[in-house]
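There are 2 protein chains.
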Amino acid sequence: MRGGRLGEFELIARYFAPLAKDFQGARGLKSDNAFLPSDARHDLVVKTDTIVAGVHFLANERPEWVAAKALRVCLSDLAAGGSSPFVYQLSLSLQKGWREKWVAGFAQGLAADQRRYGIAICGGDTVVSPGPTTITITAFGRVPKGRGLARDGARPGDELWVSGTIGDGALGLLAARGRLKSLQLERRYRLPQPRTDLGPRLVGIANATADVSDGLLADAGHIADASGLAVTIERERVPLSAAARRVVRGEPSLWANVLGGGDDYELVMAIPPRRRNALLAAARAADVPVTKIGTFERGRGVRLTVEGRVVRAPRAGYVHF
Amino acid sequence: MRGGRLGEFELIARYFAPLAKDFQGARGLKSDNAFLPSDARHDLVVKTDTIVAGVHFLANERPEWVAAKALRVCLSDLAAGGSSPFVYQLSLSLQKGWREKWVAGFAQGLAADQRRYGIAICGGDTVVSPGPTTITITAFGRVPKGRGLARDGARPGDELWVSGTIGDGALGLLAARGRLKSLQLERRYRLPQPRTDLGPRLVGIANATADVSDGLLADAGHIADASGLAVTIERERVPLSAAARRVVRGEPSLWANVLGGGDDYELVMAIPPRRRNALLAAARAADVPVTKIGTFERGRGVRLTVEGRVVRAPRAGYVHF
Numbered sequence: 191m192r193g194g195r196l197g198e199f200e201l202i203a204r205y206f207a208p209l210a211k212d213f214q215g216a217r218g219l220k221s222d223n224a225f226l227p228s229d230a231r232h233d234l235v236v237k238t239d240t241i242v243a244g245v246h247f248l249a250n251e252r253p254e255w256v257a258a259k260a261l262r263v264c265l266s267d268l269a270a271g272g273s274s275p276f277v278y279q280l281s282l283s284l285q286k287g288w289r290e291k292w293v294a295g296f297a298q299g300l301a302a303d304q305r306r307y308g309i310a311i312c313g314g315d316t317v318v319s320p321g322p323t324t325i326t327i328t329a330f331g332r333v334p335k336g337r338g339l340a341r342d343g344a345r346p347g348d349e350l351w352v353s354g355t356i357g358d359g360a361l362g363l364l365a366a367r368g369r370l371k372s373l374q375l376e377r378r379y380r381l382p383q384p385r386t387d388l389g390p391r392l393v394g395i396a397n398a399t400a401d402v403s404d405g406l407l408a409d410a411g412h413i414a415d416a417s418g419l420a421v422t423i424e425r426e427r428v429p430l431s432a433a434a435r436r437v438v439r440g441e442p443s444l445w446a447n448v449l450g451g452g453d454d455y456e457l458v459m460a461i462p463p464r465r466r467n468a469l470l471a472a473a474r475a476a477d478v479p480v481t482k483i484g485t486f487e488r489g490r491g492v493r494l495t496v497e498g499r500v501v502r503a504p505r506a507g508y509v510h511f
Numbered sequence: 191m192r193g194g195r196l197g198e199f200e201l202i203a204r205y206f207a208p209l210a211k212d213f214q215g216a217r218g219l220k221s222d223n224a225f226l227p228s229d230a231r232h233d234l235v236v237k238t239d240t241i242v243a244g245v246h247f248l249a250n251e252r253p254e255w256v257a258a259k260a261l262r263v264c265l266s267d268l269a270a271g272g273s274s275p276f277v278y279q280l281s282l283s284l285q286k287g288w289r290e291k292w293v294a295g296f297a298q299g300l301a302a303d304q305r306r307y308g309i310a311i312c313g314g315d316t317v318v319s320p321g322p323t324t325i326t327i328t329a330f331g332r333v334p335k336g337r338g339l340a341r342d343g344a345r346p347g348d349e350l351w352v353s354g355t356i357g358d359g360a361l362g363l364l365a366a367r368g369r370l371k372s373l374q375l376e377r378r379y380r381l382p383q384p385r386t387d388l389g390p391r392l393v394g395i396a397n398a399t400a401d402v403s404d405g406l407l408a409d410a411g412h413i414a415d416a417s418g419l420a421v422t423i424e425r426e427r428v429p430l431s432a433a434a435r436r437v438v439r440g441e442p443s444l445w446a447n448v449l450g451g452g453d454d455y456e457l458v459m460a461i462p463p464r465r466r467n468a469l470l471a472a473a474r475a476a477d478v479p480v481t482k483i484g485t486f487e488r489g490r491g492v493r494l495t496v497e498g499r500v501v502r503a504p505r506a507g508y509v510h511f
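Residue numbers (this note's numbering), protein chains in the order written: chain P, 191 to 511; chain G, 191 to 511.
Please keep in mind that the hints were generated in silico from the structure rather than gathered at the bench.
Worth double-checking, as some hints may not be accurate.
Pairs count within a copy or across copies, as identical chains cannot be separated in the list.
What the hints assert, rightly or not - Heads up, simulated DMTMM-like pairs for lysine to aspartate or glutamate below, C-alpha to C-alpha not over 20 Å straight-line:
#1 211 - 415
#2 371 - 387
#3 220 - 415
#4 335 - 229
#5 286 - 477
Nothing here was measured: the structure is a model prediction, and the numbers come from that model.
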């Protein structure tokens with residue numbers, strides 16, 4: 191209680207240890223280490239993501255949503271890897287002058303997502319920094335041994351499919367900045383919905399997967415590059431939400447944001463045509479719509495067509511640096 | 191190469207991907223995820239630690255040593271858990287205005303420690319932040335299934351042993367700040383030497399372990415608390431380096447730093463008397479000196495004795511917040 195503020199041990203005991211109670215290997219966050227049991231049937235899939243206040247989330251964002259965003263961007267990658275979420279470690283670097291109320295809200299956000307996704311915290315670190323509040327999550331998923339999905343397995347002739355709708359994340363960022371008006375899109379940007387139900391069902395169906403975090407063109411391009419192929423995307427086929435459709439109808443230049451922006455956290459998949467029905471069954475079981483939007487073929491790079499004509503496809507995606 | 195500076199993908203390809211080449215599950219850092227193979231004979235031990243420039247390391251510290259410190263504080267915990275180092279994930283949050291030369295030195299430091307400890311990077315994240323450079327390492331070790339060591343297994347009558355020498359870290363911090371003059375102590379503070387050779391050999395020998403990161407009194411106290419016991423430490427028995435002995439002889443008040451400061455990264459162990467010979471054999475095999483400095487008994491708290499008299503034992507350890 192130095193300076194009227196909780197110390198590290200008290201903070202962990204009050205807010206984070208309760209989140210560890212359902213996972214024995216977390217040792218109640220009282221141990222320096224976490225112990226993850228392993229077995230011969232699974233691989234662990236691991237993903238680390240860092241988000242910084244004022245860079246990756248709005249500095250005045252609700253702490254519950256900051257927690258959700260930090261977790262969900264990792265869960266989205268775990269889903270793309272074909273894995274089911276398991277546990278996570280949290281590094282919380284609080285900016286000097288942090289308030290307990292913020293930490294309480296942050297922990298509430300973690301608790302809600304732990305219930306939603308069936309995960310538990312298993313360790314981490316808490317420090318105070320002069321810099322902006324920075325959150326690093328390392329999330330662990332489980333996938334049947336040797337069956338993990340990655341970007342490098344697409345074959346010529348595979349179809350390019352996406353889950354859900356594309357562009358809501360990038361348009362939602364514009365809404366969050368006041369450039370557009372749509373609470374629905376804004377919420378979609380602020381609170382990603384990772385496809386954790388669909389991802390594990392893609393094992394044995396998809397040849398390659400990625401999540402749409404950098405932008406559809408960039409992420410489909412990553413699959414193509416990693417697989418040594420070209421990919422063609424037909425813009426008419428790209429599924430848009432009703433809100434996004436209204437926006438691009440009014441301002442067609444925003445197609446660049448829809449296709450080039452990021453933060454959709456949908457899955458892009460390379461699916462062999464013979465497994466199309468298996469994909470549709472998996473999508474029904476996960477209650478997630480999927481749409482075919484293109485094809486992989488021999489060659490290099492990303493081609494975007496509009497009404498059959500190839501257009502220039504900027505694919506830088508979200509500029510991290 | 192935006193703004194004359196490497197982008198995230200180029201940075202990873204140039205400096206970090208080469209560090210992943212010996213671990214297949216890292217997928218060359220080209221995948222969003224890492225894949226850790228597991229088997230039925232081991233548990234994974236996981237530890238996350240965050241260090242912030244100007245808080246946990248000197249802002250002008252050599253980048254090779256920053257990398258070593260970030261890694262080694264985690265390896266020390268893995269050793270205390272009885273595990274052998276395996277792989278790690280790195281989150282690197284670079285302060286705006288970062289220079290490629292710094293990153294190159296940092297990666298060199300990682301490379302040197304990868305060789306030294308037989309580990310490989312398997313993933314992570316790289317971001318740019320307005321705040322100070324912040325490094326989070328999540329390190330993974332392997333331990334025989336169900337045999338991992340923690341703080342909560344000490345029994346009444348167990349002896350308290352420590353590896354190496356105590357106090358060099360805290361006195362080294364004073365040296366780094368110019369308060370003392372000793373290059374040897376300063377180096378010990380800046381470049382921890384985790385006991386990765388000894389830790390795995392303690393499985394089946396130690397009932398409980400911790401590393402000395404918060405300070406001897408605090409960390410021995412953590413074992414006592416977690417085990418529901420009291421611990422008594424005899425100050426005369428605490429092993430000091432020749433340099434530390436000279437310092438406390440000249441300025442006895444610095445015993446408070448020796449016993450209460452942190453950053454020694456030695457191991458403290460609860461050893462049943464009947465396993466004393468096994469401990470000595472393990473220490474010989476690891477080429478690490480070990481010293482008996484006290485005893486666990488029924489009760490609560492930490493008692494420090496000097497020439498048989500109990501003295502007040504401040505045990506806050508390093509104040510994190």
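Comparing the hints with the structure gives:
| no. | hint | in the structure |
| --- | --- | --- |
| 1 | 211 - 415 | between (43 Å within a copy, 19 Å between copies) |
| 2 | 371 - 387 | neither (30 Å within a copy, 60 Å between copies) |
| 3 | 220 - 415 | between (44 Å within a copy, 10 Å between copies) |
| 4 | 335 - 229 | both (9 Å within a copy, 10 Å between copies) |
| 5 | 286 - 477 | neither (44 Å within a copy, 43 Å between copies) |
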